[in-house]
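We have chain A; now place chain B onto it with these hints.
From first to last, the protein sequence lines stand for chains A and B.
Residue numbering for the first sequence follows my numbering, beginning at 1 and increasing consecutively.
Residue numbering for the second sequence follows my numbering, beginning at 1001 and increasing consecutively.
If you are wondering where the hints come from, they were derived from the structure by calculation, not from laboratory data.
Here a beta-carbon is modelled for each residue, glycine too, at the ideal position from N, C-alpha and C.
Be careful, since some hints might not be right.
Below, a sample of chain A positions facing chain B; criterion: calculated Cβ distance under 7 Å [said to hold, decoys possible]:
1) 587
2) 588
3) 589
4) 590
5) 593
6) 594
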Amino acid sequence: MRELIWLIPLIPLLSSVTLMLAGSRLPRLLIGITGVGSVGLAALLTLATGLDFLANPEIFQLTLWTWIQVGSFAPGVAFYFDGLTLVMMSVITGVGFLIHLFSTEFMEQDESYARYFAYLNMFVAAMLVLVMADNLLLLYLGWEGVGVCSYLLVGFWYQNSANGQAARKAFIVTRIGDTAMALGLFLLFTELGTLDIQAMVGIANETWQVGDNIPLIACLLLLAGAVGKSAQLPLHTWLPDAMAGPTPVSALIHAATMVTAGVYLIARTHGLFLLAPEAMMAVAVIGIATTLMAAFTALMQSDIKRILAYSTISQIGYMFLALGVGAWTAGIFHLMTHAFFKALLFLGSGAIIHCLHHEHNIFKMGGLRTRMPVTFWSFMIGSAALAALPMTSGFFSKDQILLQAYQMPGMGPWLWLAGLLGALLTAIYSFRLVFVVFFGGAKTEPDKDTGWRMALPLTVLCGLSLIGGYFIIPVQDVFPVGSGDHPAHWVEYVSISVPLFGVLLAYLIFHTGQLRVDSLVNSRIGKTLGQFWLSGWGIDWLYDRLFVRPYYALSGMLKSEPVDAIYGLIVAINQTFNHWLSVTQTGRMRWYIVSMVFGLVVLLTLALQISPEVL
Amino acid sequence: MDGLNIPLNHILLVSSLLFAIGMMGLMIRRNIIFILMSLEVMLNSAALAFVAAGAHWGQPDGQIVFMLILTVAAAEVAVGLGLVLQVQKRFKTLDMDHANRMRG
Chain A
1 MRELIWLIPL IPLLSSVTLM LAGSRLPRLL IGITGVGSVG LAALLTLATG
51 LDFLANPEIF QLTLWTWIQV GSFAPGVAFY FDGLTLVMMS VITGVGFLIH
101 LFSTEFMEQD ESYARYFAYL NMFVAAMLVL VMADNLLLLY LGWEGVGVCS
151 YLLVGFWYQN SANGQAARKA FIVTRIGDTA MALGLFLLFT ELGTLDIQAM
201 VGIANETWQV GDNIPLIACL LLLAGAVGKS AQLPLHTWLP DAMAGPTPVS
251 ALIHAATMVT AGVYLIARTH GLFLLAPEAM MAVAVIGIAT TLMAAFTALM
301 QSDIKRILAY STISQIGYMF LALGVGAWTA GIFHLMTHAF FKALLFLGSG
351 AIIHCLHHEH NIFKMGGLRT RMPVTFWSFM IGSAALAALP MTSGFFSKDQ
401 ILLQAYQMPG MGPWLWLAGL LGALLTAIYS FRLVFVVFFG GAKTEPDKDT
451 GWRMALPLTV LCGLSLIGGY FIIPVQDVFP VGSGDHPAHW VEYVSISVPL
501 FGVLLAYLIF HTGQLRVDSL VNSRIGKTLG QFWLSGWGID WLYDRLFVRP
551 YYALSGMLKS EPVDAIYGLI VAINQTFNHW LSVTQTGRMR WYIVSMVFGL
601 VVLLTLALQI SPEVL
Chain B
1001 MDGLNIPLNH ILLVSSLLFA IGMMGLMIRR NIIFILMSLE VMLNSAALAF
1051 VAAGAHWGQP DGQIVFMLIL TVAAAEVAVG LGLVLQVQKR FKTLDMDHAN
1101 RMRG
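Bound-form chain A, shown alone:
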């Protein structure tokens, strides 16, 4: 079975190519079957491989061929299969399949049906290559592949130029991180002589000591790549704008899989990060800062997808926190549960948007509880898991992260406190969404309810969001084992009760209205702060002033080509002389004769002056 894992990325790729070449000539039903079926087939193969692996957990490597051979540099097209790969592949193909199925109904009316599935399948293939890659170069191929697909899908409705703008922003901002990551790969190769991940970590442990400078630089460069892809501070600004794409795309790419690629990268190269404690500290600090920043921003948004986008940024911040404190397993576990409940929430919001005439503003919704029951329950369960209410999947993963953060020596309790604040905010904003959208009076009537192709993925994801916390991910051989100590019980009790308190707050403020916050919100500080949070802490504004406008000004200056002006001057001088000379060409013969005589006289005079002896 394991010899066939190369089929798993190949099937969606073939389907993608088929749809690209022949998509416009195929009937819609066939397009849907090809697009969904290929990912379904990949999911089945992953399932079979996974069962095989669980029965006989042996790390497996498969080299298909040598990709490039230049001297000692010979990265192969090779796959590496262990527990971490299995978790990622299951998420990608499993959640991916559900989202594909959902898309067939969501995109039903779209004229570019085949193009959509071609991109989406290509994305799945690239993402699978990313997580299955044996060496960092192949990983980078997948990394860029998903970036391209993200660009194509964010700008899917390209007739609206704002979508194109959002797509470009997503591409360019992540490109900044990717460039840093490429530099990191160069550094690692020059220092270690290989890009093969397992070999690299082995050599690194032999050549470097903990705390050396080179692993620190390499890890920081890799971290920059991860930060760009996973939308963490300071490169997170592309993700809220990336919501311009179709909603299932947001669910698949910008919530469940691609944005967690950075988490995967750090987890995969954790052997290097363990050599650079400062880099791990940077990961933790970036994670917690992003968590809080995004949570505060999500509190103020009114666009349903933007709330979820900031929530995604915030949750990935938790994963980074987990990685930074060395809770690798908890980070990957949260990645998986987050994929379940965030895909669920995004698909739920997609269902609302689909049935509510493309309405995005939550304050124009309301009372959808009875009208869209499936979606309502999806949102309830998804939000409960997002807020980490007890017994949901998000509870188990987030709890682990917070407890392990608490145990970190040094600033652990502070990270824990900040994480708790993030959890409180998460509970408030997610249930604010639920109460505003599903309770209260109806403001917009849905014109249809969800069909089975939407309801089925929602139901399955509901189940996964509920029971996902009981899964045991098979990564015990991948990551070093933690201390296993448990902090004092009160820490755990506080961690559990904070989200509940958040939900209560949201209930009192947004549902019953017993807790009046108007005076707080309308005070001067409240207004300023609210505006500040609404704008995403002014970071977009700042980047616009710092980078975008100077760039435009510079290109405006260069548009007139100042260097070319030198050559332009030469041309102008020549043209002037030409003009003067052409004036003398009057066409009058007498003028010519006079000039000739004059010239002759001058020449003769000169000649006689120089050599008078000819006379």
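Quick look at chain B alone, frame taken from chain A:
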């Protein structure tokens, strides 16, 4: 050659004068026929200088070149008069200042 011993300088002076007259005519005249006549004058001034020089040195070359110049002048007049006819036909005038289509 006795009795008619004109110094070479005088002849060259006449020749130069003739040349200058021809050139002035060439420069100030507009009528193409007069221009051609001025050209003839210039050619003949040169021919005179050749003949005088040949006589002075006692060489036949001057007279040979005179023959050549005579031939050139005849050819020139033949072509020139042909051009005159063409100019008259095209521009309905013999004023060369009107034939200035090749101005820059």
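Comparing the hints with the structure gives:
1. Taken as an interface hint, residue 587 (chain A) checks out: its beta carbon lies about 3 Å from the nearest beta carbon of chain B, inside 7 Å.
2. Annotation: residue 588 (chain A) was flagged as interfacial toward chain B, and the flag holds, the nearest CB pair being 5 Å apart, inside 7 Å.
3. Here the hint on residue 589 (chain A) is kept, as its CB sits about 5 Å from the closest CB of chain B, short of 7 Å.
4. For residue 590 (chain A), the interface hint holds, the least distance from its beta-carbon to any beta-carbon of chain B being 6 Å, beneath 7 Å.
5. A hinted interface residue such as residue 593 (chain A) counts as satisfied when its beta carbon comes closer than 7 Å to some beta carbon of chain B; here the least separation is about 5 Å, so the hint holds.
6. At a threshold of 7 Å, the smallest CB-CB gap from residue 594 (chain A) to chain B is about 5 Å, leaving the interface hint in force.
The structure is consistent with each of the numbered hints, conforming to all of them.
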